[in-house]
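Generate coordinates for the entire structure from the input sequences, incorporating the hints supplied.
Chains as they are written, first to last, in the numbering used here: chain D, 1 to 164; chain B, 1 to 503.
FYI, nobody ran anything at the bench for these hints, they're computed from the structure. Quick caveat: nothing in here was measured; it's all calculated off a predicted structure. Heads up, a few of these hints could be off.
Below are the DSS-like pairs computed for lysine-lysine, each with C-alpha atoms no more than 25 Å apart in a straight line [as the list claims (entries may be wrong)]: (1) D:LYS15 to B:LYS430; (2) B:LYS430 to B:LYS293; (3) B:LYS293 to B:LYS497; (4) B:LYS249 to B:LYS293; (5) B:LYS430 to D:LYS16.
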Amino acid sequence: MPRAVDHFLVNMQTKKDLASAICLGAFGIYVAYAAINLPYTSEFGPGPGFFPLWIGIGIVGCSLVMLWSCAFRGRIDGGEAIEPNRTGVVRSLGAWTAFIAAIVCLPFLGFAISLGVLTAFLIVVFDRRSPWTALGTALGLAAGFHLVFPVALGVSLPVGPWGF
Amino acid sequence: MDAIGNLLLGFSIALTPVNVFWCFVGVLLGTVVGVLPGLGPPATIALLLPLTFKMDPTTAIIMLAGIYYGAKYGGSTTSILLNVPGESASVVTCLDGYQLARQGRAGAALGIAAISSFVAGTFGVLGLMFIAPPVAKFALRFGPPEYFGLMVLGLTMVVFLTGRSVVKGILATLFGLWLAGVGTDVFTAESRFTFGRMELLDGIDFVIVSIGLFAIGEVLVNLESKTGAEIFKVPKGLRNLLPTLRDLKDSRFAFLNGSVVGFFIGVLPGAGSTIASFLSYGLEKALSRRADKFGTGVIEGVAAPEGANNSETGGALVPLMTLGIPGSATTAILLAALHLWGFRPGPLLIQENPNLFWGLVASMYVGNVMLLILNLPLVPVFAQILKVPYFVLYPAIFGISIVGVYSVSNSLFDIWMLGVFGLLGYLMRKLDFPSAPLVLGMVLGERLELSLRQSLMMSQGSLSVLVAGPLSAGMLIFAGLLLIMPMLHRVRSWRVKAVEQEV
Numbered sequence: 001m002p003r004a005v006d007h008f009l010v011n012m013q014t015k016k017d018l019a020s021a022i023c024l025g026a027f028g029i030y031v032a033y034a035a036i037n038l039p040y041t042s043e044f045g046p047g048p049g050f051f052p053l054w055i056g057i058g059i060v061g062c063s064l065v066m067l068w069s070c071a072f073r074g075r076i077d078g079g080e081a082i083e084p085n086r087t088g089v090v091r092s093l094g095a096w097t098a099f100i101a102a103i104v105c106l107p108f109l110g111f112a113i114s115l116g117v118l119t120a121f122l123i124v125v126f127d128r129r130s131p132w133t134a135l136g137t138a139l140g141l142a143a144g145f146h147l148v149f150p151v152a153l154g155v156s157l158p159v160g161p162w163g164f
Numbered sequence: 001m002d003a004i005g006n007l008l009l010g011f012s013i014a015l016t017p018v019n020v021f022w023c024f025v026g027v028l029l030g031t032v033v034g035v036l037p038g039l040g041p042p043a044t045i046a047l048l049l050p051l052t053f054k055m056d057p058t059t060a061i062i063m064l065a066g067i068y069y070g071a072k073y074g075g076s077t078t079s080i081l082l083n084v085p086g087e088s089a090s091v092v093t094c095l096d097g098y099q100l101a102r103q104g105r106a107g108a109a110l111g112i113a114a115i116s117s118f119v120a121g122t123f124g125v126l127g128l129m130f131i132a133p134p135v136a137k138f139a140l141r142f143g144p145p146e147y148f149g150l151m152v153l154g155l156t157m158v159v160f161l162t163g164r165s166v167v168k169g170i171l172a173t174l175f176g177l178w179l180a181g182v183g184t185d186v187f188t189a190e191s192r193f194t195f196g197r198m199e200l201l202d203g204i205d206f207v208i209v210s211i212g213l214f215a216i217g218e219v220l221v222n223l224e225s226k227t228g229a230e231i232f233k234v235p236k237g238l239r240n241l242l243p244t245l246r247d248l249k250d251s252r253f254a255f256l257n258g259s260v261v262g263f264f265i266g267v268l269p270g271a272g273s274t275i276a277s278f279l280s281y282g283l284e285k286a287l288s289r290r291a292d293k294f295g296t297g298v299i300e301g302v303a304a305p306e307g308a309n310n311s312e313t314g315g316a317l318v319p320l321m322t323l324g325i326p327g328s329a330t331t332a333i334l335l336a337a338l339h340l341w342g343f344r345p346g347p348l349l350i351q352e353n354p355n356l357f358w359g360l361v362a363s364m365y366v367g368n369v370m371l372l373i374l375n376l377p378l379v380p381v382f383a384q385i386l387k388v389p390y391f392v393l394y395p396a397i398f399g400i401s402i403v404g405v406y407s408v409s410n411s412l413f414d415i416w417m418l419g420v421f422g423l424l425g426y427l428m429r430k431l432d433f434p435s436a437p438l439v440l441g442m443v444l445g446e447r448l449e450l451s452l453r454q455s456l457m458m459s460q461g462s463l464s465v466l467v468a469g470p471l472s473a474g475m476l477i478f479a480g481l482l483l484i485m486p487m488l489h490r491v492r493s494w495r496v497k498a499v500e501q502e503v
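Printed below as a string of structure tokens:
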């Protein structure tokens, strides 16, 4: 790999580590701050704030180590430089959004229909397959899950207005 | 000789047609329960308990125990094939099992899981048979400082789960420890980090986090690449689907490690099979010549935790039968069942009810053989699941994950959290943070805090109580040594490099 490309990728990894360290550091400060507002001791001994306070301090400490590593060593403990894949990230976040949308639909449509819709959406949008394949797969999966879990095993799942 | 005579008595009870039949029903149900997320062993046993009221108690306990250890066999299947841990103890199996599946060795991984479960399950029964009373007495010496030492020892396993960056591994562990603290404080009933949500007062269930991080995170990562690529390979021919002699040879120490660690952790009330599987995996990696390959699809990485998971069953029955102390949700239900049938589990149970105890022990031998016979032929069948096209497989994994999480407490809020942890799992992969230490921190967090605070209450705030006893001090020293080991290894490799450069 040419040195310039390698340098760019290492920088990418460093930026990711830097962002992670800053976010985690902020989270650690939040944990420690919230723990300070809880009693550190109680009449029985250590209080509910005792353990989280030290966890928060630990997170802040480790984040500082990460920041230090980013500043002085370029990247953490030999982490590999990975080529950025923006299209891939967009695809994954799109699939996650579809999954969240299916969760939103659960109380209204029930599990079977929500899963069917999610399946059809993923197949049509992400796989670019025919709507018939999507429909067949969605119906098959929804029916299969319904027959195995609620019907055969008696596992309760969110139901829609039509009872499944 | 007494034990042999008693075991013969046990076999005379366990091998009656009625008991063999119910033992088979139990292990079969257990395997199904283990394979399918949505129904755990405690729920299944609780559901079937009323049906056993008219049964002979020995027959009933044989069937219920069959469900218990049968579920342990089945739990590895979805971990290996789909990266969906069927139960908490199978999380570690995902690390190498799923990688083996991706390399086209799902059959070998499933086969070695079944064989390891058989070997370790049999070891657990032997332990239950020969050393139950003394081991149970030893377990009673475990007070809060000893449990704290054990939890710290468990946490040091993070060193073996971190991958490339130790700092990132420690950060993930700390996050897991924080997650374990979410909910109501057990000492003061004060709520912590619940953000005003009633649903969080009970804490966050471990199943939600592990399924989100492993299953949903994995699907999201796989969806990055355009479809069309073959993700899983399934070799043709039965011979290529089962473990090779080389696999068995590579796993011989893992069988032993899993058996011993699983049994002794099982004996300790409250420790549980999840800790046993993490510890045995860490130990296997620490002692392995190819430690750097762990996490990339190493057969011992499946054999050790699966063995520990199954051997733990025998261990968990020791305090239950000899002291009347249940160590887990499943054994608590078994304890309730024993009380309902009119037994009083305790030191006199074995003497007063030899038919029950020895019948159960013998049935566990029979059940383990049944499970091996039942599971090995199923390996090629299960491996075919990977031939399912990815456009069917991924939505199916989403569906299985929702079923698994919703069945925990029938809460839609839990499914929302599944979505959150799924995204977290994806981000952790993208940012090169290991997921396993987070899960480890979450598993050990509650018990770690509990034992530390109990210890400090006992000593009125003095930390010396943690090293006052030989057991706790020994475990803390061992944990320290385990932490130092990788550093020594690194220093050694630096020195070798420096010498090479000088030359």
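Taking the hints in turn, this is what the structure says about them:
1. D:LYS15 to B:LYS430: Roughly 12 Å between the alpha carbons, so the hint for D:LYS15 and B:LYS430 holds.
2. B:LYS430 to B:LYS293: Within the cut-off at roughly 21 Å; holds.
3. B:LYS293 to B:LYS497: Roughly 21 Å between the alpha carbons, so the hint for B:LYS293 and B:LYS497 holds.
4. B:LYS249 to B:LYS293: Given pair B:LYS249, B:LYS293 holds - Cα atoms ~17 Å apart, limit 25 Å.
5. B:LYS430 to D:LYS16: 9 Å, holds
In this structure, none of the earlier numbered hints is contradicted; all agree with it.
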